[in-house]
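Chemist: In case you want the letters, here they are:
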Amino acid sequence: MKAKPVKRRAPPWQLRLYVMDQTPRSVAAFANLKRLCEAHLKGRYRITVIDLLRHPHLAKGDQILAIPTVVRRLPSPVRTLIGTLANTAHALVGLDLRPAD
Amino acid sequence: MKTKPRRPPAAKLLPKCPTGIQGLDEITGGGLPRGRPTLVCGSAGCGKTLLAAEFLVRGAVQFNEPGVLLAFEETEAELTANVASLGFDLAGLVRKKMIVLDYVHLERSEVQDTGEYDLEGLFVRLNHAIDSIGAKRVVLDTLEVLFASLPNETMLRAELRRLFRWLKDKGVTAVITAERGRESLTRHGLEEYVSDCVILLDHRIYDQVATRHLRVVKYRGALHGTNEFPFLIGADGISVLPITSLALNHRASSARIGTGIPRLDAMLGGRGFYRGSSILLTGTSGTGKSIIASNFAQAAGRRGEHVLYFSFEESPDQIIRNMHSIGLRLAPLVKRGLLRIHSARPSLYGLEMHLATMFKEIATFNPRVVIVDPITSLMDLGTPSEGKGMVTRLIDYLKAGEITSLFTSLTQGGAVPQQTESTMASLMDAWLLLQDFEGNGERNRVLYVLKARGMAHSNQIREFLISNHGIDVVDAYIGPSGVLTGSARVAQSSLEKAALLSGQQESARRKREIERKRTAIERQISGLRSDYESEAVELRRIDEQVGTSTLMLSTERAASGRLRQADAKAAAARPGRKKG
Numbered sequence: 044m045k046a047k048p049v050k051r052r053a054p055p056w057q058l059r060l061y062v063m064d065q066t067p068r069s070v071a072a073f074a075n076l077k078r079l080c081e082a083h084l085k086g087r088y089r090i091t092v093i094d095l096l097r098h099p100h101l102a103k104g105d106q107i108l109a110i111p112t113v114v115r116r117l118p119s120p121v122r123t124l125i126g127t128l129a130n131t132a133h134a135l136v137g138l139d140l141r142p143a144d
Numbered sequence: 035m036k037t038k039p040r041r042p043p044a045a046k047l048l049p050k051c052p053t054g055i056q057g058l059d060e061i062t063g064g065g066l067p068r069g070r071p072t073l074v075c076g077s078a079g080c081g082k083t084l085l086a087a088e089f090l091v092r093g094a095v096q097f098n099e100p101g102v103l104l105a106f107e108e109t110e111a112e113l114t115a116n117v118a119s120l121g122f123d124l125a126g127l128v129r130k131k132m133i134v135l136d137y138v139h140l141e142r143s144e145v146q147d148t149g150e151y152d153l154e155g156l157f158v159r160l161n162h163a164i165d166s167i168g169a170k171r172v173v174l175d176t177l178e179v180l181f182a183s184l185p186n187e188t189m190l191r192a193e194l195r196r197l198f199r200w201l202k203d204k205g206v207t208a209v210i211t212a213e214r215g216r217e218s219l220t221r222h223g224l225e226e227y228v229s230d231c232v233i234l235l236d237h238r239i240y241d242q243v244a245t246r247h248l249r250v251v252k253y254r255g256a257l258h259g260t261n262e263f264p265f266l267i268g269a270d271g272i273s274v275l276p277i278t279s280l281a282l283n284h285r286a287s288s289a290r291i292g293t294g295i296p297r298l299d300a301m302l303g304g305r306g307f308y309r310g311s312s313i314l315l316t317g318t319s320g321t322g323k324s325i326i327a328s329n330f331a332q333a334a335g336r337r338g339e340h341v342l343y344f345s346f347e348e349s350p351d352q353i354i355r356n357m358h359s360i361g362l363r364l365a366p367l368v369k370r371g372l373l374r375i376h377s378a379r380p381s382l383y384g385l386e387m388h389l390a391t392m393f394k395e396i397a398t399f400n401p402r403v404v405i406v407d408p409i410t411s412l413m414d415l416g417t418p419s420e421g422k423g424m425v426t427r428l429i430d431y432l433k434a435g436e437i438t439s440l441f442t443s444l445t446q447g448g449a450v451p452q453q454t455e456s457t458m459a460s461l462m463d464a465w466l467l468l469q470d471f472e473g474n475g476e477r478n479r480v481l482y483v484l485k486a487r488g489m490a491h492s493n494q495i496r497e498f499l500i501s502n503h504g505i506d507v508v509d510a511y512i513g514p515s516g517v518l519t520g521s522a523r524v525a526q527s528s529l530e531k532a533a534l535l536s537g538q539q540e541s542a543r544r545k546r547e548i549e550r551k552r553t554a555i556e557r558q559i560s561g562l563r564s565d566y567e568s569e570a571v572e573l574r575r576i577d578e579q580v581g582t583s584t585l586m587l588s589t590e591r592a593a594s595g596r597l598r599q600a601d602a603k604a605a606a607a608r609p610g611r612k613k614g
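Quick mapping for you: the protein sequence lines, in order, are chains A and B.
Residue 47 in the working numbering sits at position 4 of the first sequence; the count goes up by one each step and never skips.
Residue 405 in the working numbering sits at position 371 of the second sequence; the count goes up by one each step and never skips.
Next up, chain B with everything else stripped away, as it sits in the complex (with noise of 0.2 angstroms):
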């Protein structure tokens, strides 16, 4: 049994500054560490400044702390610019004086170094901005800019261990940036300075796609995420997505939602899937798996639920056209504003934006039911555990809203397919196969319900049909030589009537056969008891007789004897009495 090691009672965490960051706050445990610099390190173009100037701007406008911009490589009218495309307005905020702006131009070139000196009047600058506004927080973008223009290293070093120092006595929550160095973290070795958090920011391609991440190397006194986390730049911020900040902890529901074709609730439960269950549809191309989730989304719509469909293979209208054929009135419902369909070619972005965008899109529609049209699309974009990652992100999301998700999945023919889901199967709560059953020269579609978590399922095969009024599932056959479909269920299925038909009518004729045996016997039992009712009474009769005899014989018997005693008597009386 382990036990706990005992935490002296004064001990506080460390206090943190929030930075506003979508998933970044999460990842550090509450945010930046307070009153102390932090270093965001990466190689150009990672988004460095985009980071620093959103935790400053997210400050001033979220958590009421105004805060400082020490730019040394970007204007103010070029930050300003840069930053209006994540939805920031640091020229309003610079008017409200919750920002200052400060430009710090060095060239080298202009400079001419005639003696001694010291940086006071970068204290000086930066002093008075922070005063100017009681700033809470400073951003420093970027530093290693002064070591390219300042000849004297030595004195730049000392300066900067001074300036660290000063930031940390002013209690101003700093982030500077810097950029990657070969061997070292930062170029300039600045990281032996700020050594309170740092932060590594990366840009990445993978198979033409690229993608950010975003690792705390480093935070003295709290603990944090080591591992990777992608973020993007999106249209109002960056967004990092921790994949281990959602708990396992989502309710479940026992409501059940019926799947739009009734034989189908039937196989599962008699009811249909559970609601806020994870709904896994398998198959080859051409099996039917759009289908089956086009009647799905239909029966959601039909039942006043918001129905957001992700395809990454066809576009709304061809979808809406091809349903149409087979009975499907989507139409109505995309009009009524409770289906929407979101298309996307799998490679317009990365796996990253994928999932953001289909976040947002979630969170502004507010389904009750999602349908990913093929999920496999998506996961060809990364890494099989990437693609794992991202799947596992998306249900924890949805299932914590309780949004019931269909994802259809399509596999390589001729393979088992358990073998080539196991990765996604073990995240669904429910994992329908769809087959092409091949024989007797055509093909025709099967349907298997392989799990289902916490009901009871039909483990038959089906079969199901398509035609222009929907789907149709029926019973496949099953006879002696195997499964049977299409044309030879049908072929089956009249033999089999003919037999029953013929069995029937054996049955009538061994019916009247047993009437007639039954009547024959019945007569000859009667025969027969009659010919033993005569014989009874005759039987009787002899048998009176016989007694009445025997009677009269005992009777006469008795008399005679009596009379015989008697005269012994008498003889007995007179001759004397005997001693006896």
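Bound conformation, chain A alone (with noise of 0.2 angstroms):
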């Protein structure tokens, strides 16, 4: 699923959501997800989900251990962030992302 092509000059925001199927905590970590990036980062994002059960190899480049799993590729520094995203302020932490942004 990707979003809208970027306007401004900053590259956007690459996102990889690492799932594993379509359990609950998968397609709930997607949505919250989507929230997220729609509220703090519109316009500028790109999310890729990665489904593990259909290619498992990819957990490896990562390091992806728990699932789900949100990795920040873009801006560096790489962050991880594990779990369904429902803590949203831990997650604007873990993103980088102040609040009030």
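Worth double-checking, as some hints may not be accurate.
Claimed, not checked - Here are the simulated distance ranges between beta carbons:
| no. | chain 1 | residue 1 | chain 2 | residue 2 | range |
| --- | --- | --- | --- | --- | --- |
| 1 | A | Pro54 | B | Gly126 | 38 to 46 angstroms |
| 2 | A | Leu117 | B | Phe393 | 57 to 65 angstroms |
| 3 | B | Gly126 | A | Lys103 | 15 to 23 angstroms |
Said to hold, decoys possible - Here are the simulated BS3-like cross-link-like pairs (lysine-lysine), alpha carbons at most 27 angstroms apart as the crow flies:
| no. | chain 1 | residue 1 | chain 2 | residue 2 |
| --- | --- | --- | --- | --- |
| 4 | B | Lys130 | A | Lys103 |
| 5 | B | Lys131 | A | Lys103 |
| 6 | B | Lys202 | A | Lys103 |
| 7 | A | Lys103 | B | Lys204 |
| 8 | B | Lys131 | B | Lys204 |
Claimed, not checked - Computed far set for chain A versus chain B, every beta-carbon distance over 10 angstroms:
| no. | residue |
| --- | --- |
| 9 | Pro54 |
| 10 | Tyr61 |
| 11 | Gln65 |
| 12 | Val70 |
| 13 | Arg78 |
| 14 | Glu81 |
| 15 | Arg89 |
| 16 | Ile90 |
| 17 | Thr91 |
| 18 | Val92 |
| 19 | Arg116 |
| 20 | Leu117 |
| 21 | Pro118 |
| 22 | Ser119 |
Honestly, the hints are just simulated from the structure, not real lab data.
Backbone N, C-alpha and C fix where the C-beta goes; we use that ideal spot for every residue, glycine too.
Two independent chains are provided; combine them into the complex using the hints.
Modeler: Shown next, in the form of structure tokens:
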């Protein structure tokens, strides 16, 4: 699922969401992530969903242990968030997004 | 009488997964439990990672079982480099797809907890790795990192429980490493999940020397040795040295080999020591133990046999030089490759390492004779029981190969040797004692054969002399005042020679005396005999005379009697017949 192309000069945020099939947690994580991005990064983000059931070999690259995990690839440094992102405050801190942004 | 408990006929022993690690398979009765997780715990630097890595490498190389190593602490490159010191080519095995290395990086500061999660990612990675090469063995080194990195411990423990069940279902033999805890076996209590087999590693320092130990704390469903076994990390992996695995059933040879000193062979039933026997040579400093050992070595070398000489006091060159001064030619034997002298200071490494080194030398050089000079410097490295254990293992190893062994032992002077050596002497088949005999202003060397199993041996003391053409064993004089050696012996021997000479002269004189007496008596006898003869003749003559006259007398009487009767008849016939 891709969002709208970027308008600003800063490159868009690259976010990878690792899920395991369509488990409730995975679904919830995607929903939460989308909501957060829409709220704080409107128009300048890009989410890639990686289903480890179909692509297990991709877990190694980003050192994925927990499911669901969100990895912010860009902007650097790489940030890893584990969990469903239900805790918005933690999620924002993890993504390095200030709530007022 | 005991009756054996009846076992159900269908009961099978737990299948084992051989590790290929020397000694470990023996202790565990065949290896780790197949398809089950084994916990290896120990403090830092004990060798857990090396043990786990060797388990995988040998599985791939020796048993053709691919393996997966999930590492939480070291990167693939670090692991490969660390394990290369054991001679394992991890990179090569990865290339050949026999081993998969997966480094799991988890840093608490890099991770933000934002809600519920599970460790499915770990399962995915592990599963993928196992399926990619069809792995049968798995190592997780070390799961404790998860406890430090992940905040939700309840979830973590639940997932670990799931992980071990999953591993069992997958049918892989897993080795889990963990850090030793203070109160519990592992720091985070992993032993509650991994309870099929638990191995404890230990690294101890005794008297400034470090020794490693391994203990199988638990092995569900199988018999195992619960003792602690020392182990080494050597140039080709871990070797566990089990004491009890050597059964006492080696063959005994009846061949005899000479010591190189003919009089000594004569003391030993005439032919020397049995091949494959263990010989102890005890003595205080300077009594000549190394010399006798070197004689033994030279004799074996001259027979064309390989001799391995372990020296803990002198360098090879020094030994060769010293022995040269008494006429022993060891240098040519060394050059021909028959004699190898291996020297090391006892404090160089620990007891176990010495033993392992000796085993390795013996295995590569294949000697028929091994000399350890002196064994006491090795025994001082550990406790007395450890020392005895080491000597037992060494002797068993040598006897299994029918290798004759000679051990020299240094004792303190003054004490009765039997007391100080009782620990070792019972292990030995033959025991020679060398002593210094002091007296008369000099010290002389004497030798006893204290015991020699299986043969008649001399129980007498002998003196032995060392000159520049070798050893000479001579009878020590045992006189009424005790044993005499050295110059006293020589003095005594000349005294005895003089006594012998005078004795001979005396007996010659007596013989002459007797001869003279004999002739005199014989002369007397012949004189008496001739007297007797003449008398006898006279008596015979008289006797004859008497006899003749008696005969005449009786004949006359008879004749006259007849005449008279005739007369009487004639007279009776005339007067008439009388009634009568």
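Chemist: Evaluate each hint against the coordinates.
Modeler: Hint-by-hint comparison with the structure:
The beta-carbon spacing between A/Pro54 and B/Gly126, approximately 42 angstroms, falls within the hinted interval of 38 to 46 angstroms. Distance hint for A/Leu117 and B/Phe393: a CB-CB separation of about 59 angstroms, consistent with the stated range 57 to 65 angstroms. One distance hint, 15 to 23 angstroms for the beta-carbon pair B/Gly126 and A/Lys103, holds here, with the actual separation near 21 angstroms. A threshold of 27 angstroms between alpha carbons decides the hint, and for B/Lys130 with A/Lys103 the separation of about 20 angstroms falls inside it, so the pair holds.
In summary, the hint linking B/Lys131 to A/Lys103 is supported, as the alpha carbons are separated by about 17 angstroms, within the 27 angstroms threshold. The hinted pair formed by B/Lys202 and A/Lys103 meets the criterion: a straight-line CA distance of about 23 angstroms does not exceed 27 angstroms. The straight-line distance between the Cα atoms of A/Lys103 and B/Lys204 is roughly 20 angstroms, inside the 27 angstroms bound, and the hint therefore holds. Taking the CA atoms of B/Lys131 and B/Lys204, the gap is about 19 angstroms. The hint holds against a cut of 27 angstroms.
Separation of A/Pro54 from chain B is adequate, the least Cβ-Cβ distance of about 22 angstroms exceeding the 10 angstroms criterion. Not every C-beta of chain B lies more than 10 angstroms from that of A/Tyr61, the closest at about 7 angstroms, which undercuts listing it as non-interface. Non-interface status of A/Gln65 relative to chain B is upheld: no Cβ of that chain comes within 10 angstroms, the nearest being about 13 angstroms off. Against the 10 angstroms criterion, A/Val70 stays outside the reach of chain B, whose nearest CB is about 12 angstroms from its own CB.
Distance check on A/Arg78: its Cβ is at least 13 angstroms (rounded) from any Cβ of chain B, clearing the 10 angstroms threshold; non-interface status holds. No Cβ of chain B comes within 10 angstroms of the Cβ of A/Glu81; the nearest lies about 17 angstroms off, and the non-interface call holds. With a cut of 10 angstroms on Cβ distances, A/Arg89 stays outside the contact zone with chain B, its closest approach being about 20 angstroms. No Cβ of chain B comes within 10 angstroms of the Cβ of A/Ile90; the nearest lies about 15 angstroms off, and the non-interface call holds.
The claim that A/Thr91 lies off the interface holds: its Cβ sits roughly 16 angstroms from the closest Cβ of chain B, which is beyond the 10 angstroms cut-off. Look at A/Val92: its CB is around 14 angstroms from the nearest CB on chain B, clear of 10 angstroms, so calling it non-interface holds up. Listed as a non-interface residue, A/Arg116 keeps its Cβ farther than 10 angstroms from every Cβ of chain B; the least gap is roughly 13 angstroms. Listed as outside the interface, A/Leu117 is consistent with that label: its C-beta sits roughly 16 angstroms from the nearest C-beta of chain B, beyond the 10 angstroms cut-off.
Every beta carbon of chain B lies more than 10 angstroms from that of A/Pro118, the smallest distance being close to 15 angstroms; the non-interface claim holds. The claim that A/Ser119 is not at the interface with chain B holds, since no C-beta of that chain comes within 10 angstroms of its own (minimum 12 angstroms).
Checked against the numbered hints given earlier, this structure breaks only hint 10.
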